[in-house]
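A.B. asks: So you can see what is in the structure, the chains are spelled out below.
2 protein chains.
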Amino acid sequence: MPELILRQVGIDTYHENIAYLPIGCEICRSQGFGALSKIEVHYGGRSILATLNMTENGLVKGGEIGLSHAAFRRLGAPEGARVSLSHPNPLLSFDFVRHKLEGGHLDKSQFLAILSDIVAYRYSNIELTAFVIACYQQSLTEPEIGYLTEAMIETGERIDWDLPLVLDKHCIGGIPGNRTTMIVVPIVAAFGLPIPKTSSRAITSPSGTADTMEALANVRLGLDEMRAVVAAEGACIAWGGSVALAPADDILISVERPLNLDSEGQMIASILSKKRAAGSTHLLLDIPIGPTAKVHSTEEAERLKKRFERIGARVGLQLRVVFTDGLQPVGRGIGPALEALDVLQVLQRKPGHPEDLREKSLSLAGELLEFSGKVAAGEGLDRAREILDSGQAWEKFQGIARRQGGLKEPRPARHSAPVSSPRTGRIGAIHNQKIARTAKLAGAPQDPGAGVYLEKKLGDAVASGEVLFRVFAETEEELSFALQYVAANPDLITIGG
Amino acid sequence: MPELILRQVGIDTYHENIAYLPIGCEICRSQGFGALSKIEVHYGGRSILATLNMTENGLVKGGEIGLSHAAFRRLGAPEGARVSLSHPNPLLSFDFVRHKLEGGHLDKSQFLAILSDIVAYRYSNIELTAFVIACYQQSLTEPEIGYLTEAMIETGERIDWDLPLVLDKHCIGGIPGNRTTMIVVPIVAAFGLPIPKTSSRAITSPSGTADTMEALANVRLGLDEMRAVVAAEGACIAWGGSVALAPADDILISVERPLNLDSEGQMIASILSKKRAAGSTHLLLDIPIGPTAKVHSTEEAERLKKRFERIGARVGLQLRVVFTDGLQPVGRGIGPALEALDVLQVLQRKPGHPEDLREKSLSLAGELLEFSGKVAAGEGLDRAREILDSGQAWEKFQGIARRQGGLKEPRPARHSAPVSSPRTGRIGAIHNQKIARTAKLAGAPQDPGAGVYLEKKLGDAVASGEVLFRVFAETEEELSFALQYVAANPDLITIGG
Numbered sequence: 000m001p002e003l004i005l006r007q008v009g010i011d012t013y014h015e016n017i018a019y020l021p022i023g024c025e026i027c028r029s030q031g032f033g034a035l036s037k038i039e040v041h042y043g044g045r046s047i048l049a050t051l052n053m054t055e056n057g058l059v060k061g062g063e064i065g066l067s068h069a070a071f072r073r074l075g076a077p078e079g080a081r082v083s084l085s086h087p088n089p090l091l092s093f094d095f096v097r098h099k100l101e102g103g104h105l106d107k108s109q110f111l112a113i114l115s116d117i118v119a120y121r122y123s124n125i126e127l128t129a130f131v132i133a134c135y136q137q138s139l140t141e142p143e144i145g146y147l148t149e150a151m152i153e154t155g156e157r158i159d160w161d162l163p164l165v166l167d168k169h170c171i172g173g174i175p176g177n178r179t180t181m182i183v184v185p186i187v188a189a190f191g192l193p194i195p196k197t198s199s200r201a202i203t204s205p206s207g208t209a210d211t212m213e214a215l216a217n218v219r220l221g222l223d224e225m226r227a228v229v230a231a232e233g234a235c236i237a238w239g240g241s242v243a244l245a246p247a248d249d250i251l252i253s254v255e256r257p258l259n260l261d262s263e264g265q266m267i268a269s270i271l272s273k274k275r276a277a278g279s280t281h282l283l284l285d286i287p288i289g290p291t292a293k294v295h296s297t298e299e300a301e302r303l304k305k306r307f308e309r310i311g312a313r314v315g316l317q318l319r320v321v322f323t324d325g326l327q328p329v330g331r332g333i334g335p336a337l338e339a340l341d342v343l344q345v346l347q348r349k350p351g352h353p354e355d356l357r358e359k360s361l362s363l364a365g366e367l368l369e370f371s372g373k374v375a376a377g378e379g380l381d382r383a384r385e386i387l388d389s390g391q392a393w394e395k396f397q398g399i400a401r402r403q404g405g406l407k408e409p410r411p412a413r414h415s416a417p418v419s420s421p422r423t424g425r426i427g428a429i430h431n432q433k434i435a436r437t438a439k440l441a442g443a444p445q446d447p448g449a450g451v452y453l454e455k456k457l458g459d460a461v462a463s464g465e466v467l468f469r470v471f472a473e474t475e476e477e478l479s480f481a482l483q484y485v486a487a488n489p490d491l492i493t494i495g496g
Numbered sequence: 000m001p002e003l004i005l006r007q008v009g010i011d012t013y014h015e016n017i018a019y020l021p022i023g024c025e026i027c028r029s030q031g032f033g034a035l036s037k038i039e040v041h042y043g044g045r046s047i048l049a050t051l052n053m054t055e056n057g058l059v060k061g062g063e064i065g066l067s068h069a070a071f072r073r074l075g076a077p078e079g080a081r082v083s084l085s086h087p088n089p090l091l092s093f094d095f096v097r098h099k100l101e102g103g104h105l106d107k108s109q110f111l112a113i114l115s116d117i118v119a120y121r122y123s124n125i126e127l128t129a130f131v132i133a134c135y136q137q138s139l140t141e142p143e144i145g146y147l148t149e150a151m152i153e154t155g156e157r158i159d160w161d162l163p164l165v166l167d168k169h170c171i172g173g174i175p176g177n178r179t180t181m182i183v184v185p186i187v188a189a190f191g192l193p194i195p196k197t198s199s200r201a202i203t204s205p206s207g208t209a210d211t212m213e214a215l216a217n218v219r220l221g222l223d224e225m226r227a228v229v230a231a232e233g234a235c236i237a238w239g240g241s242v243a244l245a246p247a248d249d250i251l252i253s254v255e256r257p258l259n260l261d262s263e264g265q266m267i268a269s270i271l272s273k274k275r276a277a278g279s280t281h282l283l284l285d286i287p288i289g290p291t292a293k294v295h296s297t298e299e300a301e302r303l304k305k306r307f308e309r310i311g312a313r314v315g316l317q318l319r320v321v322f323t324d325g326l327q328p329v330g331r332g333i334g335p336a337l338e339a340l341d342v343l344q345v346l347q348r349k350p351g352h353p354e355d356l357r358e359k360s361l362s363l364a365g366e367l368l369e370f371s372g373k374v375a376a377g378e379g380l381d382r383a384r385e386i387l388d389s390g391q392a393w394e395k396f397q398g399i400a401r402r403q404g405g406l407k408e409p410r411p412a413r414h415s416a417p418v419s420s421p422r423t424g425r426i427g428a429i430h431n432q433k434i435a436r437t438a439k440l441a442g443a444p445q446d447p448g449a450g451v452y453l454e455k456k457l458g459d460a461v462a463s464g465e466v467l468f469r470v471f472a473e474t475e476e477e478l479s480f481a482l483q484y485v486a487a488n489p490d491l492i493t494i495g496g
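In the order they appear, the protein sequences are chains A and B.
Note that numbering that gives the first Met the number 0 has the first sequence beginning at 0, numbered continuously upward.
Note that numbering that gives the first Met the number 0 has the second sequence beginning at 0, numbered continuously upward.
I should point out that these hints are in silico values taken from the structure, not numbers from a laboratory.
Yeah, the Cβ is synthetic: ideal placement off N, Cα and C, and Gly gets one too.
Mixed in with the good hints, there may be bad ones.
So these bits of chain A aren't anywhere near chain B, every CB distance computed over 10 Å [stated by the list, open to error]:
| no. | residue |
| --- | --- |
| 1 | E25 |
| 2 | G31 |
| 3 | S115 |
| 4 | A119 |
| 5 | Y120 |
| 6 | I125 |
| 7 | L164 |
| 8 | E299 |
| 9 | K304 |
| 10 | E358 |
| 11 | A375 |
| 12 | S420 |
| 13 | D490 |
Only part of the chain A face toward chain B is listed, based on derived beta-carbon distances under 8 Å [unchecked claim]:
| no. | residue |
| --- | --- |
| 14 | G9 |
| 15 | D11 |
| 16 | T12 |
| 17 | Y19 |
| 18 | I26 |
| 19 | S29 |
| 20 | L35 |
| 21 | K37 |
| 22 | H41 |
| 23 | M53 |
| 24 | E126 |
| 25 | L258 |
| 26 | K439 |
| 27 | Q445 |
Next up, chain A with everything else stripped away, as it sits in the complex:
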């Protein structure tokens, strides 16, 4: 086949490799390539698989081929390079996907073949979707969830801390402001136990732990930097995305999210693979329960807990699962900087600190201390409280931040507006998703200072006209978007009689 001139067309199709050829070009006619055909693009001994989109209006000219942003980067050829095309070899691992779709079961080597092709970006979004659906819900047996978890671990980087005990914590999510990690980690580390924490950024929420920590210190640590911080402090709070832990998971999420499928097997594999790849041995898992949380009942939480524990055991991860109150946001701030201010108030034992964030963090830290076996059952909470109240946790946090580029001062956004109560009464309910949406409309997490600051929490008395919460935004336009949303959603905060 003739060579083509490579062009970067500047289109971000997210993870998917897309190639662009002009409609009716000679190579398409002779090879039968058309929209959605898969082609292999070769340059200097490397090659990538890509799905075709056809172009007209001269975006790509005859004799040229365009590549989407990710595909261009992965091929690694310069703009204007001469590349060649071929029909790709059949994607053999997709036969296993078909087998699963036909009701069969897959073994570990088959999951490994599929995930290896996925992390090499050889699956189109259509093929990825087929795999995600094949794994959807009941159709994965428990051994299969275990194989999937193991294959996710093995197709990415792994950190080995060379320690018998490496503690970790994780919350399944859904509760805004839930930044306990940044208090639990310094408590546990100040006690003397290793807790090298890798956290995620927000996917659909107004802030992830990595976003909130970034308001206080650098979180983009390479593996060597992480090791240096952990060697000095016994802990770090870094963004997991800097190290390629279980990368297949991120690719699968790119099609799961738009489908909004609540795939339990994949959630379990996702969490456990990331933690195991990060080198953790003991994981404390927080499952919040509430009507606007992810899990709505204790029965559901119990079933999920057992599943997590069994799969955890399979991949060599010890689990302790706790159920927590998921009725309302934790703390007062929602959005990176506002949450960081809450965290500092608790660590610095400032008057007026958010009591619920402090209590939840102490309880989780106490559980972790007991889970480690270094503190007797029933004594963890007291031990955690001593470490926090004595200032040791704050000392430790400052040490971590210093080694992660130095402690920064979090700044709320420039513009703010109060939202007042329309009546006198008591706060009866706070809608987690709608509070989160308000903070996102205000600009969180892209604008670290944007978000919501709650002046009232569940059960608080409020007078008509008194401030319920404040919205922070960097532009007046974003502030107005968020306030319009608040006005249109009176059930955001329910005032009881």
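With chain A's structure known, arrange chain B on it following the hints.
C.D. replies: For chain B alone, kept in the frame of chain A given last:
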């Protein structure tokens, strides 16, 4: 939300509506839109749903929005128009897809809701894939295949011929050169029975009946033109794509094809919905059996036959199913013009006409005559032969062609090259898919004159160096592509001892 200026970016993403916004644009930040988000684009009371791709390098500027070719056409706004965006309402019918994925069953109203959204292009490729997979194989019950078929019919145009008996024929495909329709239709019409035929173009083959007929007459007939031809001649041979019969099927095929999933339920729904929407009452279905055909054994064919018959009865279509020899291509030509030459030779009773094409066409025409009830059982074949041999079928074909824009002369492509036998012996096997691929590499069906012309068929004696077949192409380059493929595939034609 602020208005944006509309740009046509000239990208053909096939059926999928894709919108392009600059990375980090204000509306993306404030609304949380990102790659693969779904957005609704509004203009003058109309709106479309689209999936987002993010751009950089100035393809779309700040304050602008780009739309893919199909999305631009569907929105119907001019370049430079001011459009507005919104978060789309939830796609309610996707809840039914989730229900099916969870092992539930769908009723007709639910299939109807899904297919109505699909034909309005409200499903992204990821969502379409989820639906296709949800319907894959065993998971559709027979009543569900019936509902799917009915919903496909009801979400498109329907032709009503206002006749008690409307004959039709269809082959499930896989056999190159199988152009019996163009001989069967004039025989049946000359007998006096209505057979208004809508045919498809090639999807993955070197020619569809519509492509071959186009080498002899115009096939792009609107519904009124079709009615005029049928009123005058009792028959037509038109491209079905000009009338929107069961359009959901074409959209589903766009994701089924790249997955290469052999979804029986969808194949049945696809064929029966197209025929019923075309107004047919009696359908003769041809299932070729052979090692390189779609169906490999009589048992498989029997099971498929029963399924077709039961679903056909459900949607009000009478079926007669015949099993035919799928061991090798039918006739000598493969590719639009070369197949058209075969058809003319049979209709004109020229010496040297391809005997197998004649015999298979006579047999199918005889079946149709008997199926109509107007010819007694056992007499159809003789009646068909009389009509062909007397020249009545050729007269009728000329009449149809005249009313479809006038009979054209098919022309083989400019360049050709013979492929000779490496040894003396008898033809033992001809590989259907590989012969088809050779014809496609030579340029069929885009170049109507390109393809393969077989000089030898199964069982023929051949001497070493004697010509097995000829390859036709419009350019020497395409001819050389095809010949390279032939050289690399010695099992294309097997010579026995």
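A.B. asks: Find the nearest Cβ of chain B to the Cβ of G31(A) and say whether that gap is larger than 10 Å.
C.D. replies: violated (5 Å)
A.B. asks: Just to be careful: measuring from the Cβ of E126(A) to every Cβ in chain B, is the smallest value less than 8 Å?
C.D. replies: Result: holds, 7 Å to nearest chain B Cβ.
A.B. asks: Identify whether the interface hint at K439(A) stands, where standing means a beta carbon of chain B within less than 8 Å of its own.
C.D. replies: For K439(A), the interface hint holds, since the closest Cβ of chain B sits about 5 Å away, which is under 8 Å.
A.B. asks: Could you check if T12(A) really has its C-beta closer than 8 Å to a C-beta on chain B?
C.D. replies: holds (5 Å)
A.B. asks: How about Y19(A): closest beta carbon in chain B under 8 Å, or not?
C.D. replies: holds (7 Å)
A.B. asks: Using Cβ atoms only, decide whether G9(A) comes closer than 8 Å to chain B, and label the hint accordingly.
C.D. replies: Nearest chain B Cβ about 3 Å off; hint holds.
A.B. asks: Would you assess whether K304(A), listed as outside the interface, keeps its beta-carbon beyond 10 Å of every beta-carbon in chain B?
C.D. replies: At roughly 22 Å from the nearest Cβ of chain B, K304(A) sits farther out than 10 Å, so the non-interface label holds.
A.B. asks: Any Cβ of chain B at or closer than 10 Å to L164(A), or is the non-interface label fine?
C.D. replies: holds (39 Å)
A.B. asks: Confirm or reject the statement that E299(A) sits farther than 10 Å, beta carbon to beta carbon, from all of chain B.
C.D. replies: Nearest chain B Cβ is 16 Å from E299(A), so the label holds.
A.B. asks: A closest beta-carbon separation below 8 Å is what the hint needs, so does L35(A) meet it against chain B?
C.D. replies: holds (5 Å)
A.B. asks: Y120(A) clear of chain B by more than 10 Å, beta carbon to beta carbon?
C.D. replies: holds (15 Å)
A.B. asks: Hold the hint about S29(A) up to the distance rule: shortest CB distance to chain B must be less than 8 Å.
C.D. replies: Constraint on S29(A) satisfied, holds at 5 Å.
Going through the hint list in order, the structure does not satisfy hints 1, 2, 6, 18 and 22.
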